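Trainee: Please arrange chains B, C and D on chain A, whose structure you already have, making use of the hints.
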Amino acid sequence: MSEKEDAVILPTRIVLPFSYSVGRVASKFFIELRDNKRIMGVKCPKCGQILVPPRRYCGKCMAETNEWVEVGDKGTLIAYTVTYRSSPNLPKKPPLAYGIIKLDGADTNIVHILGEVDLDKIKPGMRVQAVFKDQREGNILDIDYFKPI
Amino acid sequence: MSKGEGKEEVKEEKDLLRVSINMNLEYRWSGGSYYTKFYRAWKEERKILGAKCSSCGRVYLPPRLICGECYKKIDGWSEISDKGTVKAYTVVYQPFVDPRTGKPRPVPYGMALIQLDGADTTINYFLEENDLSKMRIGMRVQAVWREELEGNITDIIFFRTIEE
Amino acid sequence: MKRNVAIIGTGQTKHVSKRNDANQAEMVFEAASRALEDAQLEIKDIDAVITDNMELFEGRALPDMWVAEGAGAYLKHQLKIATGGTSGSSAAIAGYYTTASGLFDIVMVVGFEKHSDGHTFAGMALADPFWDRPVASAAPGNFALSITEYMASRGVTQEQAAKVAVKARKNALNNPYAHLHIPDLTVEKVLNSRYIAYPIHLFDMCPQSDGACAIIYASEKKAKELCENPAWVKAAVTRHDTPYLGDHINRLATIRTIRECCNIIYKKLGITNPLKQFDVAEIYEPVSYAEMAWYEAMGFCKEGEAGKLVDEGVTSMDGELPVNPSGGVLSTNPVGASGVIRAAEGALQIHGKGGKRQVPDVETVLVHGYGVYTWCDMMVLSSHL
Amino acid sequence: MGLPEKVGIVGTAQSKYGLVLNKTIPEVAYEVVTKVLEDAGLNIKDIENTVSASVDLWDGATASGAFLTEVVGGVMGSETRVADDGILAAFHAALNILSGDFDVVMVVAHCLGSRGTHYDITNWVFDPVYQQMLGLDYLSSAGLQASWYMNKYGLSEEHFAKVSVKNHRNAFNNPYAYQPMNISVDDVLQSEILSYPIKSLEAAPVSDGACALILASEKRAKEIAREKGREPVWIKGMGNCYDSHYLGDRDLTECSALTIAAKRAYELAGINKPLKEIDVAEISEPFSYQELLWLEGLDFCKRGDAGRLIDEGITEMDGELPVNTSGGMLAGNPYIVAGLTRLVETVEQCWGEAGKRQVPEVETALAHGTTGPCGQMHCVVIVGR
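For the record, the sequence lines run as chains A, B, C and D. Under this note's numbering, the first sequence has 12 at position 12, and the numbering climbs by one with no breaks. Under this note's numbering, the second sequence has 1071 at position 71, and the numbering climbs by one with no breaks. Under this note's numbering, the third sequence has 2107 at position 107, and the numbering climbs by one with no breaks. Under this note's numbering, the fourth sequence has 3029 at position 29, and the numbering climbs by one with no breaks.
Because the hints were derived from the structure by calculation, they are not lab data. On a predicted model such as this, the values are computed, not experimentally measured, just so you know. Cβ atoms here follow ideal geometry from the backbone N, Cα and C, with glycine treated the same way. Don't take every hint at face value.
To be verified - Distance condition first, Cα-Cα at most 27 Å in a straight line; then the derived BS3-like pairs of lysine-lysine: (1) Lys3016/D / Lys1073/B; (2) Lys3006/D / Lys3222/D; (3) Lys3006/D / Lys2234/C; (4) Lys3152/D / Lys2002/C; (5) Lys1083/B / Lys1037/B; (6) Lys3045/D / Lys2268/C; (7) Lys2044/C / Lys60/A; (8) Lys3219/D / Lys2267/C; (9) Lys28/A / Lys2018/C; (10) Lys74/A / Lys3152/D; (11) Lys3228/D / Lys2268/C; (12) Lys1073/B / Lys3228/D; (13) Lys37/A / Lys1014/B; (14) Lys2221/C / Lys3016/D; (15) Lys1134/B / Lys2189/C; (16) Lys2018/C / Lys1014/B; (17) Lys1073/B / Lys3045/D; (18) Lys28/A / Lys2014/C; (19) Lys1072/B / Lys3035/D; (20) Lys3152/D / Lys121/A; (21) Lys2234/C / Lys3152/D; (22) Lys3263/D / Lys60/A; (23) Lys123/A / Lys3152/D; (24) Lys2002/C / Lys3045/D.
Unchecked claim - To be clear about the criterion: a stretch of chain D counts as covered by chain C if any three or more of its residues have a C-beta under 8 Å from a C-beta of chain C, and this derived list gives those stretches: (25) 3057-3065; (26) 3071-3081; (27) 3097-3107; (28) 3233-3244; (29) 3252-3264; (30) 3309-3317.
Chain A on its own, in the form it takes in the complex (with noise of 0.2 Å):
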């Protein structure tokens, strides 16, 4: 213990490593990413819209969702950030851009890192395709980052 402002501190840590299931959909998303480097969607039978990722119920609708569809790789820009907090969350080392893109076919905006890009000339609108990673896990990480095209 230290002592800071007239009183012991106590540092302690949580360290717990966790394993969550991802789900049936989530599940099929991933090995399609995995094996093929395909992005797949689901359509909500009620609205119709193709949510990417996909999802097992439409959230707005709460109805189970059942037909797959494959959308592209490629899609629009619809807003990004450029983070430069480090943190041990990241998956890459800062500053790190992420994006919000509406991928072809899709409905809903799929969120990811934006990769092979000067940083100052990241601009909505712009064009991106998805890079896979060689060594692929099963998980949303699996997609390596949009670069601009």
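Mentor: Below, chains B, C and D without anything else, positioned relative to chain A:
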């Protein structure tokens, strides 16, 4: 609660994926007025101080701000012995992950609720003993301390059975 | 103004030890969808949602964010309740207040837990780091300590505890949603199972389950329109106690929160003989011994006579007061859902939808939630307005 | 129109916010509990129920609400906990009173932001399936929202910086504020960039503190307030709403959840022209741009027009609608507490007890709280005399 006793879990399928995310978050806890006084006396004077409610006279371990029975701010202190009486005991066999390290805590170990002489509450702590046949309610125990005190509850290694 | 409120629908997942096929939000979606189906409602009919779970069991912060849409809370009022082990029962009570406020007509409560994603005992051990975090031994350790005290003061035996364990698992066989289905469990098998912490045998303890449970409340007008046999809330009371395990001597035997909740409820509803006046009780018994201690605290028997009650089968399915026809927490424990399950199973008995676990002619049900020694919630449901 | 019955606010209290390294959670909370009881002229025995607000992962302990039980008189008392912003706890407390089960309910929110690692904790709010592994947190997600908002409506970084200048300046009038500052737009623009376009002077600083208030039924509120020689402040309307969780599902420039929460609150309060009818607003702005975006969601101006409000000084102390006269979150209120602080500030404005930050003749005031990534949850409470 016991893990893995269910009969009807959904079987592991290779097309059902999981993602692993490790939590490793740091916190700095302040001892405030009462833990600061308590652990200073503990470390510097090798004393265990109970927090004494001036209204009902209860002596609390751990020390705390408010006596919940009286809704009075506690401002008295009362010295407590490192010897006490076992009010309840067990041996824990079930392994589990210690959230301070992310690693399993070794089992089995003996534990007891010990009423230290001078306290109205009990402290739950490790016993040196982990043989059930040698444990009983009412047995006397004494804290075994680390040589160098850090000013932390883990300065007590465990409680050892004593004959009086 | 007092407004009458009833539970009109319930839904739960099949509780298991590991749902590899669904994530937390999807389990919430399943339970919520089944409750809607049971009440014959659509999501647009729901005005507000209450959710609850134990955040650090799965390492989440504000998990209500992720599960909101699965719980049907998109563009709706939602909040998450968190009162330790009673989170589920507190959420159930919060749902009652939300409906009784007159501001919302139909309110859904969803409790969930996915123990297999995380480390439950580690989560439980995240207590005060200045005091008991280094020694915290989670539910088995905590209970074991109190039980040795309880056994010594009350003379209950391991055999009697085993009988409680067997009763729960026998009842669970009638409940298709229960986690543990152990058809051949006997007192002997319980006593021969390994100790997880003396004197608790493996089969004396609840499982860790992946599961979710939802209930739907409605205002008086809506309940009468929508439900044939609404389960009316007659009372809801919460009492909490001091936070540290060692704060009171012999806590299991003398538990004051349950006694105080019962004092208040029994006085309010004119209950003098709970064993006769309740038709079913759904109580929160994470360990077999606790069920006996609760009997005493709830006034089902005189102090110290719980063992006798068990020996005589008074609380079995065919006894005077069936306790936990669902199989209870001993058979199913997704912690955040468990309190909601108690209310759901209680309501189910009044709805007459208990299937093989239905007790005949249920009019009044006692529902109870418990968390360590700090938290207690109780509700009474009735078929009469 | 209006709540089903009147609910009054009869006491308020807040901490001096800042880095409080020499106190425990119970000590920080007890300070505001003592103050709020004194402010209302009540004794702890008068409190029939407490709704606390805190979140386990910010406290760094499981079921951390237990740290408050003794402090709020919860030992053998009634108590519950909302794991979200304190304004939701106040919302729930109002429902408690409307249910008719309680006449006097206390609300206490606490968060010691400096104990943990601020933004790293917020990464655990994001779903583990699609968002958490990307490393998103409240800061980077806010960057996405801010840049989208700028780009869509042609707002500039100067607009956002002006909010920070105003709020830090207002904080000089607030004895509870953590970081009053005399800074220029240039100072803000030159400050360290955290996540484009958000700079360090545009993000709420890490801080510690607690906040409390006491609500009462109409009859009790009048009695309690009379003793103190003042009128209760009444809750005129309230609305709370959740949006989609996945950032890609939302148009982050629309804040539809806020629009709906505000609409519900305005309908109950009978407000048609918010800008005219509301005298002062306290809006939770963890980031400067959010004050502008939320002003639009609250219907104080057309979409994309909030830049004009700050340019024309409409939201300054002497403007048509003073916003965050307290200095807001930018001047330093911890997460979880911030929304309740906004409500407490508006109540003090209605009483005319806001000291140097008092806006003349406040009849109706608006308080807003938000949690979740990019404002997934919004809660709006309208209070008035």
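Trainee: Need the list of violated hint numbers for this structure, in ascending order.
Mentor: Per hint list: 4, 11, 14, 21 and 30 violated.
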